[in-house]
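So the sequence shown is numbered by this note's numbering: it starts at 187 and just counts up by one.
The hints are simulated quantities; they were obtained by calculation from the structure and are not laboratory data.
None of these values were measured; they are calculated from a predicted model.
We put the CB at the ideal spot given by N, CA and C, even for glycine.
Incorrect hints may have been included.
As the list claims (entries may be wrong) - Label pairs and their calculated CB-CB ranges:
#	residue 1	residue 2	range
1	Gly347	Ala383	29 to 37 Å
2	Tyr265	Pro478	28 to 36 Å
3	Lys362	Ser455	26 to 34 Å
4	Lys250	Glu450	36 to 44 Å
5	Tyr349	Asn299	18 to 26 Å
6	Arg302	Asp380	29 to 37 Å
7	Ile379	His215	31 to 39 Å
8	Gly242	Gly275	22 to 30 Å
9	Pro478	Val253	29 to 37 Å
10	Asp380	His215	39 to 47 Å
11	Ala249	Glu353	33 to 41 Å
12	Asp286	Pro478	13 to 21 Å
13	Ala463	Ala340	42 to 50 Å
14	Pro478	His457	39 to 47 Å
As the list claims (entries may be wrong) - In silico SDA-like cross-links for lysine to any residue, where the CA-CA straight-line distance does not exceed 25 Å:
#	residue 1	residue 2
15	Lys287	Glu450
16	Lys280	Gly298
17	Lys220	Leu473
18	Lys220	Lys287
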Amino acid sequence: MASVRPQRRYIDNSPVMKSSRLSKLVSEHGTWVKEDVSGIHVYDVSNQHVLVQAAGYLKHVWAKESVCSVFFRGQSKLYPSLEPSLYRGAKTEKQKMLRDKALVAYLKESEGNVMRAVPDYAREALLQHYGIRTRWLDVVDNIWIALWFACHTAHATGRIGEYLHFERRRPAIDPKAPEYAYVLMVKVGTEVIDSKAPGLFSGADTELIDLRIAAPSTFLRPHSQHGLLFRRSKWTDYKHMDNAEFVVGVLRVGLRDALDWLGEGSLTSIHALFPPATYDFGYRELLNSAPPGDKTISGINVIGA
């Protein structure tokens, strides 16, 4: 298992993570390494217990220093930035403002019956879960759900990318081929709790929403996925679209190991994590009544297995 060694600071060329407390962990099943392609330092894990232990370690040490929580975000690749879907590809303040305007118009148009059971402060985040591009980023508090997303690839098609399906990643024939699943660990401030907005937490620079509290379970998907979202609360210019500064560690798992640990049970199936409209009544209502969307903000996803 893992132990702690004296702190050693690593600086990455990439802004995703300049250093991490994970560099202090020592384990025969975990190694602090710098990736050749991305140049990002990661904690490479080859044992499921050390995966959980490393995740718990960061949660524990950061909570001792400030009022915050560390959450997980699964990715099949590492990127040099962490931008909300609404702002990806935007290069200027004007582009950002135009996208903000499109989102605000969509939210206004969605205020009718389709969102009547969802409080105002949760609507944008909820729509993100169902396919609309917003200012929020998805995270979870269950590392196995994060690993699931790291082991699957999303494919979108249609006029505005509204048709979506997920494919389980297949390891290469060569067992030595370097293929990985990544779990980003994101630190979010939770200093302020608003009693009038259940599920909403605020920090100095971020907002966090737990949709399992803020939204009714008639919208089943966020409950099935342990769904939380966070966003930057201070936007000074287009450069601050990036949220990479909140990443405090990256866990890397070989794809073959990750798929083996997840198994193929019904609780880790696409059917379970993306409940069909037969069971997800909120999703059914969105499909029937939500505004159509456009190429800027996409639309409510139609999920196929």
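Against the earlier hints, flag every one the structure doesn't satisfy and list their numbers going up. 6, 8, 9, 13, 14, 15, 16, 17 and 18
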